[in-house]
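*Asks:* What follows is each chain in one-letter form.
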Amino acid sequence: MGRRALEAMVAELGRTGNASSLHGAGRAARRVVEESREVVAARLGARPSEVVLTSGGTEADNLAVKGLFWARSAADPRRRRVLVSGGEHHAVLDPAVWLGGEGAEVVLLPVDGCGRLDLDALSAELDEHGDEVALLSVMWANNEVGTVQPVEQVVALARAHGVPVHCDAVQAVGQLPVDFAASGLDAMTVSAHKVGGPVGVGALLARRGLDLTPVLHGGGQERGVRSGTLDVPSVRAFAVALEEAVDLQPTESVRLAVLRDRLVQGIRERVEGAVLRGPEVLGATPEDGRTAARLPANAHLTFNGCEGDSLLYLLDSRGVQCSTGSACRAGVPQPSHVLLAMGVEPLDARGALRFSLGRASGDQDVAAVLEVLPEVVDRARAAGLSGVR
Amino acid sequence: MRVLAALSGGVDSAVAAARAVDAGHDVVGVHMALSRNRDEFRTGSRGCCSIEDAGDARRAADVLGIPYYVWDLSDRFEETVVADFLSEYAAGRTPNPCVRCNEHIKFEALLDKGVALGFDAVCTGHYARIETGAQVDGSSTAGPGEVRGGVRRELHRANDSAKDQSYVLAVMGPDRLARAMFPLGEAPSKDEVRAEAAARGLGVSDKPDSYDICFVADGDTQGFLRERLGTRPGDVVDTEGTVVGAHDGAYAYTVGQRKGLALGRPAPDGRPRYVLDVRPATNTVVVGAAELLTVTALQADRAVWFVPVVSSDEGWFGCSVQVRAHGTPVPAHARAVSGAQGPTSGVEVRLDEGLRGVAPGQSVVLYDGTRVLGQATLTASSR
Chain A
1 MGRRALEAMV AELGRTGNAS SLHGAGRAAR RVVEESREVV AARLGARPSE
51 VVLTSGGTEA DNLAVKGLFW ARSAADPRRR RVLVSGGEHH AVLDPAVWLG
101 GEGAEVVLLP VDGCGRLDLD ALSAELDEHG DEVALLSVMW ANNEVGTVQP
151 VEQVVALARA HGVPVHCDAV QAVGQLPVDF AASGLDAMTV SAHKVGGPVG
201 VGALLARRGL DLTPVLHGGG QERGVRSGTL DVPSVRAFAV ALEEAVDLQP
251 TESVRLAVLR DRLVQGIRER VEGAVLRGPE VLGATPEDGR TAARLPANAH
301 LTFNGCEGDS LLYLLDSRGV QCSTGSACRA GVPQPSHVLL AMGVEPLDAR
351 GALRFSLGRA SGDQDVAAVL EVLPEVVDRA RAAGLSGVR
Chain B
1001 MRVLAALSGG VDSAVAAARA VDAGHDVVGV HMALSRNRDE FRTGSRGCCS
1051 IEDAGDARRA ADVLGIPYYV WDLSDRFEET VVADFLSEYA AGRTPNPCVR
1101 CNEHIKFEAL LDKGVALGFD AVCTGHYARI ETGAQVDGSS TAGPGEVRGG
1151 VRRELHRAND SAKDQSYVLA VMGPDRLARA MFPLGEAPSK DEVRAEAAAR
1201 GLGVSDKPDS YDICFVADGD TQGFLRERLG TRPGDVVDTE GTVVGAHDGA
1251 YAYTVGQRKG LALGRPAPDG RPRYVLDVRP ATNTVVVGAA ELLTVTALQA
1301 DRAVWFVPVV SSDEGWFGCS VQVRAHGTPV PAHARAVSGA QGPTSGVEVR
1351 LDEGLRGVAP GQSVVLYDGT RVLGQATLTA SSR
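Chains as they are written, first to last, in this note's numbering: chain A, 1 to 389; chain B, 1001 to 1383.
Read the hints as simulated data drawn from the structure, not as lab findings.
No residue lacks a Cβ here, since even glycine has one placed at the ideal position from N, Cα and C.
Incorrect hints may appear among the rest.
Footprint (simulated), chain A over chain B, 3 or more residues, beta carbon under 8 Å [as the list claims (entries may be wrong)]:
| # | region |
| --- | --- |
| 1 | 1022-1033 |
| 2 | 1070-1084 |
| 3 | 1114-1121 |
In isolation and in its complexed conformation, chain B is listed as follows:
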């Protein structure tokens, strides 16, 4: 196959590309330029947006003996990932930009361009497994994930659960998964990937991991939001509506947040207070006791499904639910419901036990064991 290997300049994508070369594919390395104002060097743990990263990607391609190009996707990145990040925060929700980047950039802008230029697949250093499911009955109409002669492609958690990234990949859906390649899904651990990189002579073998938001300078999300959205002073209120503090912009708060509230008055019962709700319409932040954060039901939209589903009252199925990257999955029952984007674009989830720290805008991923069933964006939760 002709494989486009996305090279971030990090160790994972370099080893993934190396494995694609070993597998006999015709591999071309592409580094995506996503930031308009590129720093000379990496600062801290920000990933893939500096000239140093572009240079590291180039050196990895040299070592692997594959062609290397830089593609400028910075306008698309700004229009999708950064714009979504800002509008979601402005709307009082908590976005996950890595999910949106996988959705709009890596497995849409990059993949579409690659396919148009003659590539068969995009290879990345993500930790997730793609499994070929059972042969689908030839008489049935093609369902999600059924490609290449009716073989179903399934997205599974990585072998190394500590590195698993299926949560941020599920958004791509089954059709795009059919053109994805994750050679590190079977890797037993990141340490082994680093050792393999060193053995292959890749200079990035001991490069630190990136985990902060790549487009936020020095990891200061609040500062970034303030700069881009401006200050909008407003009230912090308790569940009774009593004003207990002030803020410079409701967008800066996330449901479940405790630190940085700077409340003038202690709660009557003296217990710590948490952000319960962010209401952009009135520019208020609601705070209250920890137990008020626990929810047992979730609603989500913009669903993508890896299994055939129907929208019906009886359609409840057992699953486990994850609402944060590296969050613990919890047992639940879910069903597809009619939503704004179509007859099965909504999801309802009943959690078997209460869950804390759930904010609108987060990605909800449903699993059956290691297998991803579907993904949607949280719109509401209830106790």
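Looking at chain A on its own, in the form it has when it is part of the complex:
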């Protein structure tokens, strides 16, 4: 967490007050919430009334996918199709799959070898079944391979068929310019902890007038679609962190892209068989930091012949913390569904590493990774794919 967000949170933790109460302390808490909401809205190109505060990205995604499906299929029972891209985060994918057991018809839209949504497939789907589509959900940028999705074209295609579009922008905010109103999206997910705020708070931006059926029922807070007493300190810290991240984004994204490119170049020079997954990094982030093809802080590579858990252990023990993808609940690293959707062979997908750079990352961090990585990959290759003979 960033220092300013932490200080703001600690200051609020010392105050009492339920933002739904009508007495003085309650009004004071409500004021903090509403000021924070205004900051979040302003930084994301939304109106304050469009910000539905949630417990984080997963809840916001669930609210968007389930809430839109329920509301849209209730208004017209023919609308049973839920369109999501095959590279979506599990917080979108799993609610969609769950809806599949509740009468929805789930359509996984294909992505290309770089993880980019196949617009022709989307167009064909909408032409054929446009009237039956409840919602479309496409992320702004992929959390694993960093691919920036063609949100503008997606919205244009969907709008022609009157289909609402939700976008999980958790990874994009603070990395790329994100403007909700300009995007034409109907709903968009953001999360505090990806912008240097606390975990456990986020928001769904929902266009005014968008009909959403609640997932959480109760006191009717947050526009009547999200009940639950608001976590004032977290909301405040979210706003402070988001404000800082969005303000720094133009310079930070260019700085991180340069650093990331150096990391990828260095790995390519030092480690044979390293393959970058997702869009090519070089030239992916123009100097204005606006029309990027790939998240500036993301590098994702596979190392053939390596098991992800070997790479994870070896790097962890040398002070480099990176991610091998997702883990199941028992803690077993799983081959990424995103890589598999991109057509990467399962065996290659097992040796995947995602490097994420942040505000604290600098030249010395890239140097440290490049220093240990060749030896780590050699060792991991020697240890082999133990599950495979």
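Fit chain B to the given chain A structure using the hints.
*Replies:* Frame of chain A; chain B shown alone:
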């Protein structure tokens, strides 16, 4: 030393890892994911294959302050332990999957991977002792168990004979033993290990022991075999070849078994009948009187030796023999013979007195007192 502590999520492996930390080693905890379809919670006494077990292992590592990882060895486990379990039963033999898991998973897949990643040893919660034998004469060529400057490593029974697991560990052989660490071998009892776990603040101190086959859901071995091997109806015959009953698959029977035979006709002499032989070639199960189960000679193959042996007619040596986990060792004489895997890969055993309940596929372990001399897999027995 850099030690890889295998953490099952149970009390023994947690205390073993704690003792390795106390001994000053650089310890990393690893939980092996062995099952592809992991249950949320442990069911009954099945061990180490649920998400709850993985969580318990993680908490143990937290308490010990060591790094923790989960390694997925489920494909290897399926290809070796489960495949062997099925093919052995299909061939009419009685496998011990714990022996195969120690052979192929804990002290091969896990150990090899650990060594490749820079570890010196694998530490487990097994109850067995590793002793450093006498310095071997420098002029002699290295024999089994001679490592680290010619010092011989010996595998011995645990101090607590009730918990002793040397029987299922012997299969690893002396070379792999050199990279094993069993800190609980000296423990006086399981109760003391539990007390130590509680004193160390390990939440698993009162977790029940596991003893069923971990990959067989709800302990129903017959159901598991039926599901994986299918039904194959056939005859149950007596020693004369007369059909006395029917079965749904000969693989479901084990030599020495009495229950569950469901024979329509009682024996002429009215005495209980036992499974004497399982013959997959003809898909028949042979039953007969109890005394026909008693054997006095054993043959085994795939031998591993912890002592130098030669294959010769004069090579008989006195020992005690154990053919089941927690079985009583019996006095015997044994010798190495030439076998399918090499000049000393076979074993012949003459039992000083008769032994019952001996089935092909079982592990045969030879002891000299508490010390393991060798291990092999039973192929045949005779009266």
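*Asks:* Hint by hint, say whether it matches the structure.
*Replies:* Results for each hint:
{"no.": "1", "hint": "1022-1033", "verdict": "holds (count 3)"}
{"no.": "2", "hint": "1070-1084", "verdict": "holds (count 8)"}
{"no.": "3", "hint": "1114-1121", "verdict": "holds (count 3)"}
Of the numbered hints stated above, none is contradicted by the structure.
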